Amino acid sequence: MTEPVLQVERLSVDYEVGAGTFHAVQDVSFELHPGRVLGIVGETGCGKSTLAHAIPRLLQEPPARIRSGSVRFRGVDLLKLPRWQLPRVRGTGIGMVFQEPINSLNPAYRIYDQVAEAIRIRRLRESGQAPGLVSPQEPFDYSKPKMPNVGEVLLKPLVPSKGPASRRPMLSKDAQDLRATVLEYLKLVRINDPDTILNLYPHELSGGMRQRVMIAIALSGRPSLLIADEPTSALDITIQAQVLTLMKELMTQIRTSILFISHDLGVIAEMADDVGVMYAGHLVELGPVDQVYRDPRHPYTKGLLRSAPSKYKTEGPLPSLPGSVPNLSRLPRGCPFHPRCVLAHADCTQDPGPKLTKAVEAAGPEHLAACYYSKEVPGIP
Amino acid sequence: MTEFLVEATGVTKHFPLTQSLTETLSRQERRSIHAVDGVSLTIGRGESLGLIGESGSGKTTLGWLIARLFEPTSGTIRFEGRDISHLTGRELRSWRRKVQVVFQDPVGSLDPRMRVWQIVGEPILAQEKATKSEIRARVGEILPSVGLPTGSLDLYPHEFSGGGRQRLALARALILRPKLIVLDEPTSALDVAVQAQVLNRLVALQEEFGFSYLLITHNVAAVRYVADRVAVMYLGKLAEVGPVRQVLEHPLHPYTKALLAALPVPEVRRRGARYRVSGEVPTLISPPPGCRFAGRCPFVIDRCRTEEPLLRVLLNLPDQWVACHRVEEIGMIPPNELIAEAPVLPERPSTMPATPSPEG
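Going down the list, the protein sequences come from chains F and Y.
With our numbering applied, the first sequence corresponds to residues 6 to 386, in that order.
With our numbering applied, the second sequence corresponds to residues 38 to 397, in that order.
Hints may be right or wrong, so weigh each one.
Cross-link-like lysine to aspartate or glutamate pairs, in silico, EDC-like; alpha carbons within 16 Å at most [claimed, not checked]:
1. Y:216 with Y:245
2. Y:135 with Y:44
3. F:316 with Y:265
4. Y:216 with Y:117
5. F:316 with Y:286
6. F:253 with F:235
To be clear, the hints were calculated from the coordinates, so they are not data collected in a lab.
Quick caveat: nothing in here was measured; it's all calculated off a predicted structure.
Please model the entire structure based on the sequences and the hints provided.
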């Protein structure tokens, strides 16, 4: 087995606000292997976005506080890095695509400048003129773990050494080359007429176009890990389908690992290899997506899958989960799902709650569920 | 004559754009956004009509026209046989008790400084004189029917979850016992699990009170469950109207097919190449002649760009209306067989009369 790109271990994140402490992410552990897509699915307020932001440490601290755990990205624990080193990991190490592209793009700069900035930074880092973590040279051959010494790169001094190369002014040849690369990336994300788009401002583009530009920017850093936080939720259905198809095609081309966050079970089914289901800050189930969808082993996953409405009203009422998501500041003892669970027994209400354990005896990849009674889950009507 | 609750005929709503000084001085024709362009539809008594479309299709504008929150530019809307398209003043106000609207954003549409009984009871005050204790009594009666406890009369909206707030908005719409409720994206702010609860409640309420729904949404699953008939809107026009099962399982219009094929389904086996339409929704300002979908349609022929297709029925499907010139050839192709590139179909001369499809 290859070394995982991302290894999250027992990560816990709290928000400390006036009303109390909200446990947004609790004891979450997972691994993401090279070239794989891990989907994280859950309802609003289950902590999936907090998780996505905690990995590259983009959370506002305070109010957020990473209580414990480790986030090892290509072997380096990001939680132990000093704050000034983090920008060196972002962009070329970890790329991100967020939900609202209009909020991620700078309204005062043209599309060209925003894509070119990402490419310029990556090039400076790759040529060693600026400190920063870059992905191994293409093609990404993860079977040979001959990555640059991560620790060494990150510990370079803040100001790059004043060699003759680092202070070289931008020549017109370089500018032309940069422009060509920008065009290349815009074409990669299927933007028609990229020559015109280059000179436009974000507000002049449609939502789907903006999201493509965001994807182009994220990809132009050639990150080893791409975190996509609800990248299509703000888009219309047919546009969402276009962007998802595009991302799937790009995945096969660039072979980056993706952490894909969504509330939409359908989008996850389409995009992910593995899926993690989150409930009230806990990762309650983790496994290959077809296995989890076909044979869920946590009562919450089962309820979530069943409540996706797919009936006509003549066919009787829709199945729905009773109750509602608990308040993250007053989580129930033991398993967070027990008040809504039909399988709940006395031991489910005892602290500590169930841990992710192997749920199905199978030869294939592991299918984990955090439930003492996961064997009984298939029996729930 | 009054067979239908709502009968809209050729309803049009244009929003004029602001003109620059030079445009005004040079006497240029004022341009406008054609949000709804000549739509005709009916809603029967006790029927739920689902209106689906993407953003910018004009579905919300149409809903607001039917609720008379907008006045149509042209066309008529009849409600129980009476033309309400240009009602004003006291007449409009007294008519309003028959139609209520539930808005998309349950946070934005509930005043955070009012208590539950004030919010839900406000429509009563708008229509009739009532004392505080009468209002509280009536609100207390209506709350259980939307699944909220009677004891929550004195709470504020922030004390409810998203689903709870949507129920409050629903209770406010119900309190005057209207004939029609316009639901504008009632579930899009809600999670899947809560969505199912709200949709169940909507159907149960309709059985109890017997009113009609106009369900405006981009959520096909919600329409599938709540609606009896469904209308698909694209760029201010109806593309297809028909019984819900028929339209969702055997869509005829290329746009409906594209829309349904684009839905992500939580089933892994559906992965892989699927029918996609390219391009984006074009602007509604001065739309081109011909079919609105022509620019994105994989089956486009010259006729589509010049002659506007009208809603018509196929001989073998009397309830399903579709606006497409080529429906006889392409209507029967199931959506999952249409992959990215359009299949090559022989172009037929545009003068040939429409014939019913041989497959049907």
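Status of each hint after checking the structure:
1. The suggested pairing of residue 216 (chain Y) with residue 245 (chain Y) holds, with an alpha-carbon distance near 13 Å, which does not exceed 16 Å.
2. Between residue 135 (chain Y) and residue 44 (chain Y) the CA atoms are separated by roughly 15 Å; this keeps the pair inside 16 Å, and the hint holds.
3. Restraint check: the Cα-Cα separation between residue 316 (chain F) and residue 265 (chain Y) comes to about 12 Å, which is no more than 16 Å; the hinted pair holds.
4. Distance restraint check for residue 216 (chain Y) and residue 117 (chain Y): the Cα-Cα separation of roughly 10 Å lies within the 16 Å cut-off, and the hinted pair is therefore satisfied.
5. Note on residue 316 (chain F) and residue 286 (chain Y): the hinted pairing holds, with a Cα-Cα distance of about 12 Å set against a maximum of 16 Å.
6. Of the pairs offered as hints, the one joining residue 253 (chain F) and residue 235 (chain F) holds, with about 15 Å between alpha carbons and a cut-off of 16 Å not exceeded.
Consistency note: the structure conflicts with none of the earlier hints.
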